[in-house]
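Student: Spelled out from the first residue to the last, the chains are:
Number of protein chains: 2
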Amino acid sequence: MGKVEIRMDFKEELKKYQEIVNKHLEEYINKEKCPEELLNQSVEYSLMAGGKRLRPILVIATYELFKKDIETCMSYAIALEMIHNFSLIHDDLPGIDNDDFRHGKPTNHKQFNEATAILAGDRLLNNAYIVISEELKKSEKEELPKKIKILEEFSKAVNQMIVGEFVDTEFEGKQISEKYLEYIHKNKTGALIILAVRMGAMLANASEEDLKRLTSYAEKIGLAFQIKDDILSEEGNQEILGKPVGNDKRLEKCTYVSKYGLEKAKEILNGIIKEATEELEIYGEKAQFLIELANYIENRNK
Amino acid sequence: MGKVEIRMDFKEELKKYQEIVNKHLEEYINKEKCPEELLNQSVEYSLMAGGKRLRPILVIATYELFKKDIETCMSYAIALEMIHNFSLIHDDLPGIDNDDFRHGKPTNHKQFNEATAILAGDRLLNNAYIVISEELKKSEKEELPKKIKILEEFSKAVNQMIVGEFVDTEFEGKQISEKYLEYIHKNKTGALIILAVRMGAMLANASEEDLKRLTSYAEKIGLAFQIKDDILSEEGNQEILGKPVGNDKRLEKCTYVSKYGLEKAKEILNGIIKEATEELEIYGEKAQFLIELANYIENRNK
Numbered sequence: 001m002g003k004v005e006i007r008m009d010f011k012e013e014l015k016k017y018q019e020i021v022n023k024h025l026e027e028y029i030n031k032e033k034c035p036e037e038l039l040n041q042s043v044e045y046s047l048m049a050g051g052k053r054l055r056p057i058l059v060i061a062t063y064e065l066f067k068k069d070i071e072t073c074m075s076y077a078i079a080l081e082m083i084h085n086f087s088l089i090h091d092d093l094p095g096i097d098n099d100d101f102r103h104g105k106p107t108n109h110k111q112f113n114e115a116t117a118i119l120a121g122d123r124l125l126n127n128a129y130i131v132i133s134e135e136l137k138k139s140e141k142e143e144l145p146k147k148i149k150i151l152e153e154f155s156k157a158v159n160q161m162i163v164g165e166f167v168d169t170e171f172e173g174k175q176i177s178e179k180y181l182e183y184i185h186k187n188k189t190g191a192l193i194i195l196a197v198r199m200g201a202m203l204a205n206a207s208e209e210d211l212k213r214l215t216s217y218a219e220k221i222g223l224a225f226q227i228k229d230d231i232l233s234e235e236g237n238q239e240i241l242g243k244p245v246g247n248d249k250r251l252e253k254c255t256y257v258s259k260y261g262l263e264k265a266k267e268i269l270n271g272i273i274k275e276a277t278e279e280l281e282i283y284g285e286k287a288q289f290l291i292e293l294a295n296y297i298e299n300r301n302k
Numbered sequence: 001m002g003k004v005e006i007r008m009d010f011k012e013e014l015k016k017y018q019e020i021v022n023k024h025l026e027e028y029i030n031k032e033k034c035p036e037e038l039l040n041q042s043v044e045y046s047l048m049a050g051g052k053r054l055r056p057i058l059v060i061a062t063y064e065l066f067k068k069d070i071e072t073c074m075s076y077a078i079a080l081e082m083i084h085n086f087s088l089i090h091d092d093l094p095g096i097d098n099d100d101f102r103h104g105k106p107t108n109h110k111q112f113n114e115a116t117a118i119l120a121g122d123r124l125l126n127n128a129y130i131v132i133s134e135e136l137k138k139s140e141k142e143e144l145p146k147k148i149k150i151l152e153e154f155s156k157a158v159n160q161m162i163v164g165e166f167v168d169t170e171f172e173g174k175q176i177s178e179k180y181l182e183y184i185h186k187n188k189t190g191a192l193i194i195l196a197v198r199m200g201a202m203l204a205n206a207s208e209e210d211l212k213r214l215t216s217y218a219e220k221i222g223l224a225f226q227i228k229d230d231i232l233s234e235e236g237n238q239e240i241l242g243k244p245v246g247n248d249k250r251l252e253k254c255t256y257v258s259k260y261g262l263e264k265a266k267e268i269l270n271g272i273i274k275e276a277t278e279e280l281e282i283y284g285e286k287a288q289f290l291i292e293l294a295n296y297i298e299n300r301n302k
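Chains A and B supply the protein sequences, listed in that same order. Counting along the first sequence from 1, when you hit position 207 you're at 207 in our numbering, and nothing is skipped either side. Counting along the second sequence from 1, when you hit position 188 you're at 188 in our numbering, and nothing is skipped either side.
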């Protein structure tokens with residue numbers, strides 16, 4: 001995965017990262033099979049449904065700013081992707097967002113049933129900690145204080161995400177202040193994206209200064225990601241997105257689009273992405289993938 | 001909490017343990033408040049609903065077989081109680097058991113709503129790991145390998161519990177083989193009870209031999225606990241239990257009572273409790289509380 005002399009096309013590089021993540025997720029799935037085939041299928045169905053793998057890729061690409069041996073960060077990368085997928089399964093449930101489609105396929109509870117979806121989500125959330133505890137057990141003693149700090153950040157970011165989702169649910173169909181809209185975005189989406197970048201940096205022993213700079217990059221792309229999601233929910237292509245467009249409007253969800261209108265939301269998004277990429281200029285060539293990833297967040301169509 | 005010369009009445013001692021656990025849970029609740037009052041209320045509602053605190057008490061009482069400074073094991077004790085409560089909230093959901101009452105009060109989703117109950121359960125599951133990671137951060141370096149092993153056992157036992165609940169759900173309304181009935185009991189209830197005892201022993205640096213003996217005690221009381229639950233669901237007092245009696249029959253759940261009949265189930269229960277207490281004879285006086293706790297599991301009316 002080291003950078004080659006002549007840079008590959010960004011999309012090709014992104015695909016390479018996705019394949020690495022998928023390979024490790026498949027290894028996890030094969031290793032962690034429980035005796036209940038249907039529960040395994042339900043976990044695998046969501047985990048391998050073709051997500052973008054943004055969070056684990058951020059872990060790896062940030063790690064690569066400083067170090068090459070990416071195997072060191074893979075457990076944390078896939079644990080994070082498991083958390084992300086747990087949150088999707090639970091958010092889609094009839095009791096929360098009641099969504100029927102995700103990545104162009106029926107949501108977990110539609111494909112299986114509600115009980116299976118609840119328990120598959122619980123299992124993914126919990127098993128992220130199995131993956132991390134197994135990694136800790138194999139770690140060198142001198143690495144443990146750093147990794148325990150990462151575990152703490154990990155668990156606190158997951159808590160933030162759950163609280164963010166709760167507030168999002170609470171405000172459905174209600175007028176929302178700018179303050180709360182930011183609060184939801186920061187917690188529901190931002191927390192795991194910031195965690196991804198910080199884990200990559202901390203695992204690679206980045207300096208405090210680097211960590212601060214990269215955290216700022218992550219805060220900005222996290223917000224940008226959510227604004228872009230809001231925009232896609234409004235004007236995206238349903239077939240490409242794999243889920244219904246206009247759902248936010250139907251549920252009267254609070255979004256950047258409903259708050260500021262489509263054009264202004266795009267303007268805000270563009271400004272934030274610019275700020276994010278400026279944070280990385282100091283790293284030169286090495287940061288090219290992370291810069292392009294920020295641009296990809298702005299320009300993606302799903 | 002040290003044992004006094006003249007033993008207190010068992011019920012009084014049990015109450016003392018419960019008060020210690022409740023005090024620590026309240027401290028956690030006050031410390032971990034998120035900005036969302038309703039989500040805090042929902043977590044507190046279930047966590048402080050008056051459970052027996054069997055699991056955390058087993059951690060503490062097992063620890064006390066070897067050591068006195070119980071503060072050392074309190075984080076693990078309350079993390080385990082949080083896991084237990086997460087599982088109750090999710091199991092009660094309409095998509096799983098669809099129960100309306102628990103501890104004589106409306107279940108979490110009845111008191112609040114489904115979204116809140118799902119997310120409060122997620123939060124409890126996840127925050128158990130916050131509690132443990134904070135404890136690890138404060139630990140002496142030389143304690144870490146042992147405690148990381150405990151974290152791994154913890155996460156794997158939670159996984160077992162989730163899988164057990166899944167199988168229980170799967171078999172609703174179906175004929176079940178003895179093998180599967182045991183499988184459900186071992187995983188759904190047994191895993192956390194075994195974990196409780198093993199954590200107490202490991203935290204107190206018990207020998208391998210002690211650990212083996214105590215694991216056997218835990219396996220037996222775990223099975224006994226579930227058989228007694230099945231019996232109470234059949235012939236318990238609805239007002240004392242705080243939940244409807246005969247629910248298992250309504251849902252055609254597989255239980256020891258539906259499998260063996262009431263009398264035979266009681267006979268099996270009695271035999272298992274005897275075996276459990278025999279494991280502890282070697283510890284003499286010191287094990288009196290754990291022996292009486294086994295008898296309490298057999299004779300409890302809620």
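None of these hints come from the bench; they were simulated from the model. Take these hints with a grain of salt, some might be off.
Because identical chains cannot be distinguished in the list, a pair is counted as satisfied if it fits within a single copy or across any two copies.
With a Cα cut of at most 20 Å, we get these calculated PhoX-like pairs of lysine-lysine [what the hints assert, rightly or not]:
1) K146 - K266
2) K31 - K149
3) K33 - K186
4) K11 - K137
5) K149 - K138
6) K15 - K179
7) K274 - K105
8) K149 - K137
9) K302 - K31
10) K31 - K156
11) K33 - K156
12) K23 - K11
13) K212 - K23
14) K138 - K156
15) K67 - K286
16) K15 - K141
17) K286 - K33
Student: Could you run down the list of hints and mark each one as holding or not?
Tutor: Structure-based check of all given hints:
{"no.": "1", "hint": "K146 - K266", "verdict": "neither (39 Å within a copy, 52 Å between copies)"}
{"no.": "2", "hint": "K31 - K149", "verdict": "between (27 Å within a copy, 19 Å between copies)"}
{"no.": "3", "hint": "K33 - K186", "verdict": "between (34 Å within a copy, 18 Å between copies)"}
{"no.": "4", "hint": "K11 - K137", "verdict": "neither (36 Å within a copy, 40 Å between copies)"}
{"no.": "5", "hint": "K149 - K138", "verdict": "both (16 Å within a copy, 10 Å between copies)"}
{"no.": "6", "hint": "K15 - K179", "verdict": "neither (37 Å within a copy, 46 Å between copies)"}
{"no.": "7", "hint": "K274 - K105", "verdict": "neither (34 Å within a copy, 54 Å between copies)"}
{"no.": "8", "hint": "K149 - K137", "verdict": "both (15 Å within a copy, 7 Å between copies)"}
{"no.": "9", "hint": "K302 - K31", "verdict": "neither (31 Å within a copy, 40 Å between copies)"}
{"no.": "10", "hint": "K31 - K156", "verdict": "between (27 Å within a copy, 13 Å between copies)"}
{"no.": "11", "hint": "K33 - K156", "verdict": "between (27 Å within a copy, 12 Å between copies)"}
{"no.": "12", "hint": "K23 - K11", "verdict": "within (18 Å within a copy, 55 Å between copies)"}
{"no.": "13", "hint": "K212 - K23", "verdict": "neither (31 Å within a copy, 38 Å between copies)"}
{"no.": "14", "hint": "K138 - K156", "verdict": "between (23 Å within a copy, 16 Å between copies)"}
{"no.": "15", "hint": "K67 - K286", "verdict": "within (11 Å within a copy, 54 Å between copies)"}
{"no.": "16", "hint": "K15 - K141", "verdict": "neither (35 Å within a copy, 41 Å between copies)"}
{"no.": "17", "hint": "K286 - K33", "verdict": "neither (38 Å within a copy, 41 Å between copies)"}
In this structure, the earlier hints numbered 1, 4, 6, 7, 9, 13, 16, 17 are contradicted, and the remaining ones agree with it.
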